[in-house]
Amino acid sequence: MFGLKSECVLKVDEEFHDLEEYQGRVARWCPGCGDNGILAATQRLCRDEQLPPEKTVFVSGIGCAARFPHYMGTYGFHGLHGRALPTAQGVKIRRPDLKVFVNMGDGDCCSIGTAHWIHAVRMNMNMVAMLHDNNIYGLTKNQVSPTTPKGMTTATTPHGSVLREMNPLTATLGITNVSFVAQAVEWVPDLLYQVIRAAYQHKGFAFVRILQRCPHFMPTLFDSLLSNPDDIMVLDSDDGVKLSEATAKVYKTREPHDTADLNLAREVAGTEGKVPVGILYRNASVPCYDELRKPARLHTPEQARTVLDRAFDRFGIFPGASGTRHGTGDETDRRTDA
Amino acid sequence: MERETKRTDAPMPDQGAPGDPATIDATGSEAQPVEAAPLPGAIPVEPASELPDAADPVMAAKQRSEILKSLLAFYAHGLAPVGETAVGERCWPALLHPYRRFAAIRHEFPLCLLPPGADRPARSLAEIIDEFVDESGPDGDEKERLRRHAYQLEARIGELVSDNPGLSLDAAAGKASANLLDVTPLAGKKKQRLGENLEQLRAALARPLGLAGCEPDLPCKLFEQVAPRHWRTRSAAWSEQLAMLVHNLRDILRVDFDHSPDAKSAGHLRDALGTGQRDDVDAERMAAMLGRTRLAEPLPEERRTRIRETLETLTGLQPLFGDPDRRDDSNGVSSFSLDPVSDDCAAALARHDARQREMVAFFRAVRVAELEVSNRYEAALHDSFFASFDASHLSREELSLCPPVVLVLHQADVGDWDAQALLGLLVADLPVKIILQLDCLGSRTPPGRSTWVCALPRMAMSLGHVFVMQCPASRPGELVKGFARGLDHIGSALFCVYTGAPTGESRLPRYLDCASATESRAFPAYEYDPDRGPTQAERMCLLDNPQQTRAWVSEPFAFRDASGANKTRDIAFTLADFLMTDVRQAEFFCQVPPSHWHPNMVPLDEFLDMDWEIAVRDIPYLLAVDENGKLHRVVVTRSMVRQIAHCAARWRTLQEEGGIGNSHALNLLAAEKDCLQQQLAEEVARIREQHELQLEQGVGELTREIVARIAAQLTDGTDSGFAAASTPSLTQAAAAPPAAESAAAAEAVAAESAPGDTGETDEEDSPSLDEPYIDTPLCTACDDCTTMSAQIFAYNEDKQAYIKDAAAGTYQELVLAAEKCPVSIIHPGKPRDADEPNLDEWIARAKPYL
Chain V
1 MFGLKSECVL KVDEEFHDLE EYQGRVARWC PGCGDNGILA ATQRLCRDEQ
51 LPPEKTVFVS GIGCAARFPH YMGTYGFHGL HGRALPTAQG VKIRRPDLKV
101 FVNMGDGDCC SIGTAHWIHA VRMNMNMVAM LHDNNIYGLT KNQVSPTTPK
151 GMTTATTPHG SVLREMNPLT ATLGITNVSF VAQAVEWVPD LLYQVIRAAY
201 QHKGFAFVRI LQRCPHFMPT LFDSLLSNPD DIMVLDSDDG VKLSEATAKV
251 YKTREPHDTA DLNLAREVAG TEGKVPVGIL YRNASVPCYD ELRKPARLHT
301 PEQARTVLDR AFDRFGIFPG ASGTRHGTGD ETDRRTDA
Chain P
1 MERETKRTDA PMPDQGAPGD PATIDATGSE AQPVEAAPLP GAIPVEPASE
51 LPDAADPVMA AKQRSEILKS LLAFYAHGLA PVGETAVGER CWPALLHPYR
101 RFAAIRHEFP LCLLPPGADR PARSLAEIID EFVDESGPDG DEKERLRRHA
151 YQLEARIGEL VSDNPGLSLD AAAGKASANL LDVTPLAGKK KQRLGENLEQ
201 LRAALARPLG LAGCEPDLPC KLFEQVAPRH WRTRSAAWSE QLAMLVHNLR
251 DILRVDFDHS PDAKSAGHLR DALGTGQRDD VDAERMAAML GRTRLAEPLP
301 EERRTRIRET LETLTGLQPL FGDPDRRDDS NGVSSFSLDP VSDDCAAALA
351 RHDARQREMV AFFRAVRVAE LEVSNRYEAA LHDSFFASFD ASHLSREELS
401 LCPPVVLVLH QADVGDWDAQ ALLGLLVADL PVKIILQLDC LGSRTPPGRS
451 TWVCALPRMA MSLGHVFVMQ CPASRPGELV KGFARGLDHI GSALFCVYTG
501 APTGESRLPR YLDCASATES RAFPAYEYDP DRGPTQAERM CLLDNPQQTR
551 AWVSEPFAFR DASGANKTRD IAFTLADFLM TDVRQAEFFC QVPPSHWHPN
601 MVPLDEFLDM DWEIAVRDIP YLLAVDENGK LHRVVVTRSM VRQIAHCAAR
651 WRTLQEEGGI GNSHALNLLA AEKDCLQQQL AEEVARIREQ HELQLEQGVG
701 ELTREIVARI AAQLTDGTDS GFAAASTPSL TQAAAAPPAA ESAAAAEAVA
751 AESAPGDTGE TDEEDSPSLD EPYIDTPLCT ACDDCTTMSA QIFAYNEDKQ
801 AYIKDAAAGT YQELVLAAEK CPVSIIHPGK PRDADEPNLD EWIARAKPYL
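Protein sequences appear in the order of chains V and P.
Residue numbers 1 to 338, in our numbering, belong to the letters of the first sequence in order.
Residue numbers 1 to 850, in our numbering, belong to the letters of the second sequence in order.
Honestly, the hints are just simulated from the structure, not real lab data.
Possibly wrong hints are sitting among the right ones.
Partner residues aside, some chain P positions facing chain V, computed with beta carbon under 8 angstroms [as the list claims (entries may be wrong)]:
(1) Asp141
(2) Arg148
(3) Leu186
(4) Gly564
(5) Pro777
(6) Ala781
(7) Asp783
(8) Pro822
Heads up, simulated SDA-like pairs for lysine to any residue below, C-alpha to C-alpha not over 25 angstroms straight-line [unchecked claim]:
(9) Lys481(P) - Gly117(P)
(10) Lys99(V) - Gly564(P)
(11) Lys249(V) - Asp775(P)
(12) Lys820(P) - Leu139(V)
(13) Lys630(P) - Arg95(V)
(14) Lys294(V) - Asn566(P)
(15) Lys567(P) - Arg94(V)
(16) Lys567(P) - Tyr200(V)
(17) Lys55(V) - Arg145(P)
(18) Lys141(V) - Val823(P)
(19) Lys141(V) - Pro822(P)
(20) Lys630(P) - Glu555(P)
(21) Lys820(P) - Asn142(V)
Here are the simulated distance ranges between beta carbons [claimed, not checked]:
(22) Glu291(V) - Leu186(P): 30 to 40 angstroms
(23) Pro603(P) - Glu291(V): 20 to 30 angstroms
(24) Ser342(P) - Asp48(V): 52 to 62 angstroms
(25) Glu291(V) - Ala171(P): 50 to 60 angstroms
(26) Met459(P) - Glu291(V): 55 to 65 angstroms
(27) Pro603(P) - Leu262(V): 39 to 49 angstroms
(28) Asp833(P) - Val26(V): 26 to 36 angstroms
(29) Leu79(P) - Ala304(V): 42 to 52 angstroms
(30) Met610(P) - Gln303(V): 45 to 55 angstroms
(31) Asp182(P) - Val307(V): 39 to 49 angstroms
(32) Leu186(P) - Leu262(V): 45 to 55 angstroms
Yeah, the Cβ is synthetic: ideal placement off N, Cα and C, and Gly gets one too.
Looking at chain V on its own, in the form it has when it is part of the complex (with noise of 0.2 angstroms):
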């Protein structure tokens, strides 16, 4: 309009953020962990879609995975085992203007976060979840987790694991205001880069299953696998991943898949033998908690220090002239007055 194109309007004083700008600290998981790439995928996207990284957060719970925000070039926040989530969902509630990520080992999703994670889900809160699933509990040295397979000899199941091991993926599918489910692989790095992106790119709370090597604990656990690329399934939808020629050509097995069939995705999340991977299930017309409960306005940190200071005067102790006593609330503003 007006003579101009759309894309001419620019953002001329933006600077350009290169990937390095995206790297934290030095890597220190394991030689060969996948969290490596699942590292360098997300910060591909960051600097594919110019995220600033001050308006950026990651946030992890407890566990190898969780070293993730250290990794990072942005803003982070290493929390408690299991509360990654509630975590992430007080920093998009207070600040919508940043762009979550939440990284979760299987552990702390699927065991002790459990109900987070359920809540999560239905809340539907604009973010990304990663669920990096080795099936084992690595920073504590080898027990068993949800997600261990069947028989598995760990540290705790030092006679195998005795229960089947739980599917995240038709767990999520399974709960109320489920709005985006997808599943990769990290030794795959372009599917795992498009299936991130995707997760970002959706409207809601976008949620990530990524089978993740443990070379550690679990050496063995992928190696079929990786030797037979025809048992990853590529789910083939018009608006899911396209694999680059190259992966194509590895990745032969597709599927076709409706991303919008809630019911097929269960099933398909369910299948045995083979490991679907790409965009399980989408739907963005889901309503986001934190769309419903946004504030008319956003507070300034004046006002906040007020309500905060109130807050905090109503348990404050004043000796004042009519004795010692609790306070009510009201201090602040008569001190103000005074």
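Using the hints, position chain P against chain V.
Okay, now just chain P, sitting in the frame of chain V:
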């Protein structure tokens, strides 16, 4: 990126540099001790999104009738309503809101005015910068960074040009570059990169080119760029012909002189010898010898005089057409000068008369010269003809070689008394090129501005022989092309350019003001060129007006309603939206506060679709957005609605003339369609009748046959077999496709299963097995190989490994890296050094990875 963080402890060894984003640790166990790390900067007070906000109208029921009355009073009589406010200084039409940060918008300005030898008169700076960046190297982060820095430089140059119109490109680039470096918030490596890129750009732009912004003098600047180029192109062939004529005339005179006694005098002979042989030759004796030769008949004195006069006339104007031997560089070759006449029709006419006399004399001399050169001039026949030779005798080609008179008219300086002279000039089709600059398109013109001037292009177009172009200054490309075509036209040409409201009279930057004039249909761009052909369809051309098949330009407008919900609606950009930004038209507009919004207020585009002449209780409004992103309603008066209706009617007429929705064509089309439909109906009726007739006949025959067969069966007791007769053909037809299909399928299967197809393709794509390589797209960035040898391995821009320098390490390192790679994508190839220790062992270990 500079960010403020508060840290109480010194950074740990592996912490990021101070100022980098912090990691807030709630556990204190795994992360580094960062005590107070608030989120950066102030928490934004404004909404996160930049959508305009609509206010929630509050209105007590009992006030409604009073508010309606006051709104209607404004609509009908222009009386300010209750709660009225003037339209805010920074209030823009809603559709213009996204362009409020005008400095961040790339467009065709500033323009670089190119030297005469260049292939075109001007190029936009944006185009030059894009070209430089595109050719700067392969795509990647470096190039992207250069592009952004270049855009920043471009924006800064644009600002400098608007403040200092006389700046040249090299000076502006130098200033802007230094200025950017001074004010940049970047530091360290980033600032260094910015400096390096700006230096590259400054070097690329170090050309002493003139710069032009979207300013009132733009049409003249561009015309001055176009006209000399056009003249040089036009006169190129003619200057050679003219030089030949002059040469031939001089030859005649020289030969005549050579035959004269003066040519054989000793003095002339001595001068002819030059200085070298002056003493070797006896000029006196040679003169005596030559004096005895018989003299040729001299030219008649009358002819000699005529040739001399002709030669004098031709050489007098020869510089105007340039020197054919030096036609490759600048204006200096030709004495052609634009020298426009400003705001004075009488002076333009006088100049035209003087120039015409000059050119008539010149072309009379040309024709005489042509006759003299071929010795065909007969005084008895030609003298009388040339005595009466005037402008009417000039051929079309000769007329095209008359330099045009250029008249520049400014709307503010054109008086009513100029109308007659101007029309006379156009009607006579004199070769005068008129540049008419408008700066006020509303009905409320300031004192001294004539309203008829805006209609001049339409009037000129109706004459049929005048070249007319109407175009805003925001389209320099169209202006350049139009000027060239107008100069091609031999007769009058009128270039009507809207150059934007004078400074302070419009709320918009001049570029947007000009573009809005076209967008709102107030100043549609079109061209009428009589040279294109005899028909209107050939002559009239709408110059790519936005959405030109529609009455108004309509675009989606996104905003947030009072409840905070995001909404989008299509709104039209009408004449009122354009004039609202013109403070001279303020009396037609009134901004109504939300407390006075009334249900009877109707969006203007919807109001125009109603029968507004009889709508007595509706008040039209348009949407405007202030600088804080608040949405406002602006009501307009009835007289403004009438102006809009007239504007729409003019646009409709122009559409028809430009071939869009031409009513004559539509009527003909409808008539033709009716005729065809009628023919079709008749044909269908005829076929149906014929079919029914055949059906009746067929049924009759079939009935007779069935009766006959039944009768035969009853008498013979045998099966007639007519059912069996039809079955085989059906069976055959049904059987054929499966056979064909199975053959095709077999071929497809054979082709698919043919060995070697994919293998060959793979082989072609694979690199040589002798050289080490990495399947880079499959790299998971685990750092193993780069940690093992940073000399051999490196990461690309996507943080995926490749072999940087295989010769930087040993074959052993390559093999070890291949063994360690968790995704087995390192292929060590064959050893480069045959003397490497234990080579046999490494070759054997490398085998699985080849």
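Please check whether Arg148(P) passes as an interface residue: C-beta within 8 angstroms of a C-beta belonging to chain V. Status holds, d = 5 angstroms.
Regarding Met610(P) and Gln303(V), is the given constraint of 45 to 55 angstroms on their beta-carbon distance met? Holds, at about 47 angstroms.
Pair hint Lys99(V) and Gly564(P), alpha-carbon separation not exceeding 25 angstroms: Cα-Cα ~21 angstroms, so holds.
Does Lys567(P) pair with Tyr200(V) here, judged by a C-alpha cut-off of 25 angstroms? Holds - the C-alpha atoms of Tyr200(V) and Lys567(P) are around 23 angstroms apart, at most 25 angstroms.
Does the Cβ distance between Met459(P) and Glu291(V) fall inside 55 to 65 angstroms? holds, 58 angstroms
Pair hint Lys141(V) and Pro822(P), alpha-carbon separation not exceeding 25 angstroms: Since the Cα atoms of Lys141(V) and Pro822(P) sit roughly 21 angstroms apart, the hinted pair holds (cutoff 25 angstroms).
Using the Cβ atoms, figure out if Pro603(P) sits within 39 to 49 angstroms of Leu262(V). holds, 40 angstroms
Regarding the hint that Gly564(P) lies at the interface with chain V, is the smallest CB-CB distance below 8 angstroms? holds, 7 angstroms
Hint check for Ala171(P) and Glu291(V) - Cβ pair distance inside 50 to 60 angstroms: Since Glu291(V) and Ala171(P) have Cβ atoms about 51 angstroms apart, the given range 50 to 60 angstroms holds.
Between Lys630(P) and Arg95(V), is the straight-line Cα distance small enough, at 25 angstroms or below? holds, 22 angstroms
Would you check the hint for Lys294(V) and Asn566(P), treating anything up to 25 angstroms between C-alpha atoms as holding? holds, 13 angstroms
Assess, step by step, whether the Cα of Lys820(P) is no farther than 25 angstroms from the Cα of Leu139(V), and give holds or violated. holds, 22 angstroms
The earlier numbered hints are all upheld by this structure, with none contradicted.
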